[in-house]
Amino acid sequence: GAVVSQHPSRVICKSGTSVKIECRSLDFQATTMFWYRQFPKQSLMLMATSNEGSKATYEQGVEKDKFLINHASLTLSTLTVTSAHPEDSSFYICSAEFGTQVLNEQFFGPGTRLTVL
Amino acid sequence: AQSVTQLGSHVSVSEGALVLLRCNYSSSVPPYLFWYVQYPNQGLQLLLKYTSAATLVKGINGFEAEFKKSETSFHLTKPSAHMSDAAEYFCAVVTSGTYKYIFGTGTRLKVLA
Numbered sequence: 011g012a013v014v015s016q017h018p019s020r021v022i023c024k025s026g027t028s029v030k031i032e033c034r035s036l037d038f039q040a041t042t043m044f045w046y047r048q049f050p051k052q053s054l055m056l057m058a059t060s061n062e063g064s065k066a067t068y069e070q071g072v073e074k075d076k077f078l079i080n081h082a083s084l085t086l087s088t089l090t091v092t093s094a095h096p097e098d099s100s101f102y103i104c105s106a107e108f109g110t111q112v113l114n115e116q117f118f119g120p121g122t123r124l125t126v127l
Numbered sequence: 305a306q307s308v309t310q311l312g313s314h315v316s317v318s319e320g321a322l323v324l325l326r327c328n329y330s331s332s333v334p335p336y337l338f339w340y341v342q343y344p345n346q347g348l349q350l351l352l353k354y355t356s357a358a359t360l361v362k363g364i365n366g367f368e369a370e371f372k373k374s375e376t377s378f379h380l381t382k383p384s385a386h387m388s389d390a391a392e393y394f395c396a397v398v399t400s401g402t403y404k405y406i407f408g409t410g411t412r413l414k415v416l417a
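Going down the list, the protein sequences come from chains A and B.
For the first sequence, the tail end lands on 127 under our numbering, and the numbers increase by one without skipping.
For the second sequence, the tail end lands on 417 under our numbering, and the numbers increase by one without skipping.
Note that these hints are calculated values from the structure, not bench results.
For glycine and all other residues, C-beta sits at the position ideal for the given N, C-alpha and C.
Among the clues, some could well be false.
What the hints assert, rightly or not - Here are the simulated PhoX-like pairs of lysine-lysine, each with C-alpha atoms no more than 20 Å apart in a straight line:
| id | chain 1 | residue 1 | chain 2 | residue 2 |
| --- | --- | --- | --- | --- |
| 1 | A | 51 | A | 24 |
| 2 | A | 65 | B | 404 |
| 3 | B | 362 | A | 51 |
| 4 | B | 372 | B | 362 |
| 5 | A | 74 | B | 372 |
What the hints assert, rightly or not - A short, non-exhaustive set of chain B residues, derived as facing chain A with CB atoms under 8 Å:
| id | residue |
| --- | --- |
| 6 | 309 |
| 7 | 314 |
| 8 | 346 |
| 9 | 347 |
| 10 | 348 |
| 11 | 350 |
| 12 | 354 |
| 13 | 363 |
| 14 | 367 |
| 15 | 411 |
| 16 | 414 |
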């Protein structure tokens, strides 16, 4: 099956710094990539949808200036958490969509655990 | 608005016993429904999906799920649990028109020897 990687798998940073998380589709070109956030014992919450070469579409309540998404190519999307604070600590998961149908399968990355001290 | 409820955040079964993981959805229009499995330190892997075809859906690793509109349910079952089935399972709904995934809170399956 299609493989999606994320880097780094874990990151610890100080409050006020910015952190970049990469999401790559390794063996296919992804028309769309998605970023999710997962709090302990809670659902994956969709943060934003990104298409290559265009601005990301953010879900209601997600600060676009706080969570910068860049989808520079069909195999790479990045999420930058700017001026991170302890409340941004969470598990961030990306997925990549493959296919040309209206509803295509999403392939998920292994996630990145962010801890902000 | 659509939502998904997974009853039981933790389920334990003996090896060889029936696995039943519950998922109920709420949607005002016909939904697409999915079950994903997540092993430690890995991404979510699709087990099976319902997209308005047959109501009984067979997936990988011997899992299957039945879409019951009258009960708004999409429970996941496997006749005989294996140790390798121990993982976190997520139910998700996608409503036609939005094509956004809404996930349940997950159920951690433990298989006892």
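Results for each hint:
Annotation: proposed proximity of residue 51(A) to residue 24(A) is violated, straight-line Cα distance about 24 Å (limit 20 Å). Between residue 65(A) and residue 404(B), the direct Cα distance comes to roughly 17 Å. Compliance with the 20 Å bound is thereby established for this hinted pair. Restraint check for residue 362(B) and residue 51(A): not satisfied, since their Cα atoms lie roughly 27 Å apart, outside the 20 Å limit. Restraint check for residue 372(B) and residue 362(B): satisfied, since their Cα atoms lie roughly 15 Å apart, inside the 20 Å limit.
For a cut-off of 20 Å, the pair hint linking residue 74(A) to residue 372(B) is broken: about 39 Å separates their Cα positions. At a threshold of 8 Å, the smallest CB-CB gap from residue 309(B) to chain A is about 10 Å, leaving the interface hint violated. Interface restraint check: residue 314(B) against chain A, minimum CB-CB distance 10 Å, threshold 8 Å, status violated. Among the interface hints, the one on residue 346(B) holds; its C-beta lies about 5 Å from the nearest C-beta in chain A, closer than the 8 Å criterion.
The criterion of a C-beta within 8 Å of any C-beta in chain A is met by residue 347(B), whose closest approach is roughly 4 Å, and the hint holds. For residue 348(B), the shortest C-beta to C-beta distance to chain A is roughly 4 Å, which falls under 8 Å, so the interface hint holds. Proximity of residue 350(B) to chain A holds as hinted, the smallest CB-CB distance being about 6 Å (cut-off 8 Å). Checking residue 354(B) against chain A by beta carbon gives a least distance of about 12 Å; that is not within 8 Å, so the hint is violated.
A cut of 8 Å between beta carbons decides the hint on residue 363(B): the least distance to chain A is about 13 Å, and the hint is violated. Taking 8 Å as the C-beta cut-off, the interface hint given for residue 367(B) is violated, the closest approach to chain A being about 16 Å. Because the closest C-beta pair between residue 411(B) and chain A is about 11 Å apart, greater than 8 Å, the hint is violated. Restraint check, residue 414(B) versus chain A: the minimum CB separation of about 16 Å is more than 8 Å; hint violated.
Taken one by one, the earlier hints fail for this structure at numbers 1, 3, 5, 6, 7, 12, 13, 14, 15, 16, listed in ascending order.
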